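S.K.: Listed below are the residues making up each chain.
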Amino acid sequence: MSGQTAPSLLLNDEQQMLSKTAHQFIRDRAPVARIRTLRDSKDETGFSRELWSEMAELGWLGLQIPEPYDGMGLGFFDLCVVLEQSGRELMPEPFVSTLLLGTQALLLGGTDAQKKALLPGIASGETIVTLGYEEAGSHGDVSKVATTARKSATGFELSGEKLQVLDGHLAERIIVSATTSGSGYTLFLIDPAHSGVTITRQFRIDGLNAAIVQLDAVPVGRDDIIGEIGGGAVLLEAVFDRAAVGLSAQMLGAAEQAFADTINYIKEREQFGVPIGSFQALQHRAVSVYTELVLTRSVVLAAARAIDDAPDDVPRLASLAKAIASETFKHAAKEAIQMHGGIGVTDEHDIGFYIKRAQATYMTFGKPSHHRQRWAELHGY
Amino acid sequence: MSDLNAFREEARAWVRENAPEALRGTSGSGPFEGYWGGAKCEQTDPDLLRWRDLGIEKGWTAPSWPKQYGGAGLSHAHEEIIHAEMKAIGVPRPVAGQGLAMFGPVLLEYGNDAQRAAHLPGIARGEVRWCQGYSEPNAGSDLASLQLKAERDGDEFVLNGQKVWTSHANLSDWIYCLTRTDPNAPKKQMGISVILADLNTPGITVKRIDLISGYSPFCETFFDDVRVPVGNLVGKENEGWTIAKAILGHERSSIGRSIARQPGSAQREVVGRARKHLGVAEGVIPDPLLRDEIAALGMLEEAFHLTLARIQQSAASGTPGSEASITKIVGTDLKQMRFELGMKVAGADGLGWEGPGFDEDDLQYTRDWLRSRASTIEGGSSEIQKNIVSKRVLGLPEGKK
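Sequence lines, in order, name chains A and B.
Just so it is clear: in the first sequence, position 30 is 30 by my numbering, and no numbers are missing.
When you read off a place in the second sequence, starting at 1, and then add 381, the result is the number in my numbering.
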């Protein structure tokens, strides 16, 4: 806390109601076992568009989108309330691609025309917008951009390859980073329907959908630039901060659910004639996970609050939330498997999905060690 | 809420107007830092004494206690604000100690009017210092096995036995004790009573215990036919375990809070020591592994402070529940992590016990590091706290211990 007065870390009445409703809806309609069904059926979409539309109708997709663009005009904090619940069942719907990457890039760097063109469709659940930043040589360093934007008569021509672009297989628009001569890199909005774009579906451990996006002299106009020319690094950092906080909210929900399932399991599973949850060796480890969950909730709420109320505090609190939520989720997922014993490592049981998602989220938007180095820099050492 | 905001302004103004300059920035403003008072107190620092007197006059040594007992009759939320404003400029609370943080609140809840009137004003004014008689040689983590005997004899209880880890008994005036009043009770938690004793009563002997740090904050306290009036029994005879647990709750949350100090201070301390010992006066510390460890500490510290704030925001009552156990587990882990890292960056400079070749700050730090090893033991070990959370929060079945 930079000031002496801590930000409010409580949900108001409406937010509590939203949390409850979302919890119920997602538990009933989107159980984690869907990840297995979608995987085994090689589902073309990889998630449920119906469910996505229903959530749009409930107002959840447009919670943070301003009213002029057909959203509810609430805060990022409100969005995080829903994200946390979506994390509980590891929902594969395009929360990260569309609400965290696409929407935040548009809100932070988009022109009024770009926002008008895309945000209403996002709020209504029809439009998927994603952002491609991972490349073959980037190894988590998004400033290493091999994709190029060459000046042309009408604008730019983009060439290069982005990997693991979330929901890239069906996005209406893809935002990509590309180097612009002498000025770092810039974010561009591309239409994947263009003939120079090749999309190849990728399959990951965590049930999120991704694609390779190859760009071969794809023409983009000046009005497809998001933010400033050469301003990609600053804009992407701000987008990633928000995305990291939103992802941390999902991780919090996922870790809570893996933990709750595990506690229920060790209360019921009997060995040596007693529930294994009566063993102190397991109890103390369970409490360690629990205390981490308590801490994680505090940092996620504080970071989400800062996005709405204290922009100067966002970088350090986003790093705080991402580092802590990543470690907590991973720890909770590992302990969940261990405490489930043999059944925990079978594909038949759902608990194994949590460690796969934990690994993926750990590596997304900066792993904890990256955020600790950044935290150190932000604190002057 | 607006009432509290207005009060925050008022508290801020008063603290900033009245707190002696010399005391600012000297304290984490925890419940155990500053002027402990009592008849044996030899404090002569005029600033501490003036600050004590101003606090007493305002009723802000115990803001949430009723006015008739030396408080200001405010709510716990108001009290939190006052303490936060003192912490904001790093001045200690005007009076500190176990009487205010642990015993007083419980006497308010469980004592009778005569006991409140007899003991609370002295605590609020810093005139009477209290210590706690809980642990015994054979009752540590298994506190309910305690054996200090209290036998009724007419209008008196006769106490025989021994307490251990009685903090600062040598500097205290009174002790609140857990005693065994019914040795034949069907469960060991039954048959325990809380009895108060003036430490000047004949038959009480206090002996200091030397710790690995060289400090002696704890004592052994022996009771040999010690006679105290029956009026010194708090609550009902044989039903003291509930009161004991309430005091423990206050103790745990106080330990957690006293560790909290100012947000960011643990990180600043370790960064400062790293700079000093590695000779890097400013800028980036050129060791990414060390930076990673310090950042992990700084992040845990921030998460801990945010969690304290969240607990405080959501707490309706003033009595700490199981969140006190979480606070103690995390707070003491944080404290030990801070000292371990602070020692690590010092290397061989941190190995001095006393004498030439070591600077004063390092000698002090090393002693404090050794002292910090007790923090996960005192006030209920981390393992006991985990048992409590396991049972009360997670609802896990009790097993064989």
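Hints may be right or wrong, so weigh each one.
[Claimed, not checked] Straight-line alpha carbon distances no greater than 16 Å define the calculated EDC-like cross-link-like pairs of lysine to aspartate or glutamate that follow:
(1) A:K267 with B:D743
(2) A:K367 with B:E779
(3) B:K725 with B:D668
(4) B:K657 with B:D743
(5) A:K367 with B:D743
Hint data in this document are derived by calculation from the structure and do not stem from the laboratory.
This one's a predicted model, so the numbers in the text were calculated from it and none came from an experiment.
S.K.: Could you tell me which of the numbered hints above are not met by this structure, giving the numbers in increasing order?
M.R.: Numbers 1, 2, 5 - these are the hints that the structure violates, sorted from lowest upward.
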